[in-house]
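A.B. asks: The chain contents come next:
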Amino acid sequence: MNDFPSPHTVKQQLQACRSKEETFKALVALSKRLPRLSDEEKTDENQVKGCESAVWLIVEGSAEQRYFKADSDAKLMRGVLVAIISLITGKTQQAIQEMDLKTELAELNLSSYLTSSRTNGVLSILARLQA
Amino acid sequence: MAFDSYTLRNQFPILQQTAYDYPLAYLDNAATTQKPLLVLDAIQDYYRSFNANVHRGAHFLSDRATNHFEQARERVANFINAPENSHVIWSKGTTEAINMVAYGLEHLLEKDDEILITSLEHHANLVPWQQLAFRTGARLRVLPLTSNGEWEPEYQKYFTDRTRIFAATQVSNAIGVRTPLQTMINEAKQYNAFTLVDGAQAVAHYPVDVQAIDCDFYVFSGHKMYGPTGIGVLYGKSQALDVLLPYQTGGEMVRHVAYQATEFNILPYRLEAGTPHIDGAIGLAAACEFLAQQDRVALLDWEQKLANHVYTRLRKEGGIEIYSPEHETTLVSLSVPNIHTIDLNAYLDSKGVAVRAGSHCAHPLMAQLGVSGTLRASFACYNTLEEADQFCDVLLEAIEILADE
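Sequences listed follow chains A and B, in order. When the count follows the UniProt record's numbering, it moves up by one through the first sequence with no breaks and lands on 131 for the last residue. When the count follows the UniProt record's numbering, it moves up by one through the second sequence with no breaks and lands on 405 for the last residue.
Mixed in with the good hints, there may be bad ones.
[Unchecked claim] So the derived label-pair ranges between C-beta atoms look like this:
no., chain 1, residue 1, chain 2, residue 2, range
1, A, Thr-92, B, Leu-140, 51 to 57 Å
2, A, Met-99, B, Gln-71, 56 to 62 Å
3, B, Gln-44, A, Ala-95, 50 to 56 Å
4, A, Met-99, B, Arg-315, 47 to 53 Å
5, B, Glu-326, A, Ser-19, 53 to 59 Å
6, A, Glu-41, B, Gln-368, 25 to 31 Å
Quick caveat, the hints were computed from the structure, so don't treat them as lab data. As the structure is a computational prediction, the values presented were derived from the model and not from experiment. For every residue, glycine included, the Cβ atom is placed at its ideal position computed from N, Cα and C.
Next comes chain A alone, as it looks inside the complex:
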């Protein structure tokens, strides 16, 4: 995932957004940086339940250095996945577990994606990443 934006770039792009509309457009732009999964990788086991859109998540690497692959059938969700993964990719399992991802995402203007409503499963994604 060499083409993956750095956390710094993601922060810059999302924190510059002055409205919900701008955040929407920034997430659409970010979504294009997420390599898509193959159909074979979109298994039931890899699917994160609790999302209105379908979300798949694959954890790779070792506890010393974690990498993630993910996909969704919704574009905004792919943008959100890019933001989340940029924050944690390459870190140790323990470092990821100790992060306050909810707060970090809120600082990226993504709080409206963190509600536990039925339209959003970001919390289930975070739960799986930090398990």
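Using the hints provided, position chain B relative to the given structure of chain A.
C.D. replies: This is chain B only, laid out in the frame that chain A set:
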């Protein structure tokens, strides 16, 4: 113009606001409608002037509360043309009313009896029957209706001598189509089945006459017809209500209680355990009053005009699948190939347009349509042509932004 939605809007304080600096276009009315001043004032007046428990203490406030509460029942009975006030039972909403019937009829069902529903049902008019079938060994059968609300040619084979219950919606919440209700009810009655009509999506738009429909049960929610949440109605014919076992027991629904046995109260109280939702009933009666003050024909005409306006504009664009009918509906349900409805929804929201994306609590119907969900814009009397256009304009922008290059 005979009907003016701009004037009517002034009666809805919540609509006088912006969302993220855009005009708020509330087009999620099939989920819940906003409330007019008449309803808001009635609820506040109850708490400010005559709050007390009903049917209990003989004192000044309690008498006033009881009078208003029973007048509310009468108002609602008139609204649906029920022959007697006692045929109107309060519930939390449509879902609870259906459950009251599903549990109340359980003692009459035997193994291999059949419960028939249609393929256009909301989960609320499906799951309670499915679970009743599981509990009793009865069979749940599904009468297939096309997405135009038409019969499959061989429909008659679904009605049999074992059909004990027939439950159908009057209007589909997901795609806005009207079912051939009267024909279905008449057919079901030939087999002496209990008939239940889910009127949740109908009452705000179409005048309802339960005696003309001639169903055993008619159920609806207050909050989808300009009334408060948490209150709904189970209407039943007296002989149908009489055979229902109480779904809940406790205070209010009894005449005499001893440790050995309890004598239940008469209708409607027999089916209303506990302190009722008094302000809800009063608010719902005010909502009936609000609708009674309007020219219902003009209201429906306007709502259908708005839906048709959106249908016509979007049909011209191409690349948009529309699942609701062109005419005689008050909502537009659609999807765009290769674009997720929740992405469309998020963009619409960011520009002040409130709609609903998803399966609309109708998974089997979505499967029938071959989609995972739709985007639904649903209209009420206070919506304007500008809002219908705002929806179309922002939707087309969203499609442009979200389309894969």
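A.B. asks: Which constraints among the numbered hints does this structure fail? Numbers only, ascending.
C.D. replies: Hint 5 contradicted; others consistent.
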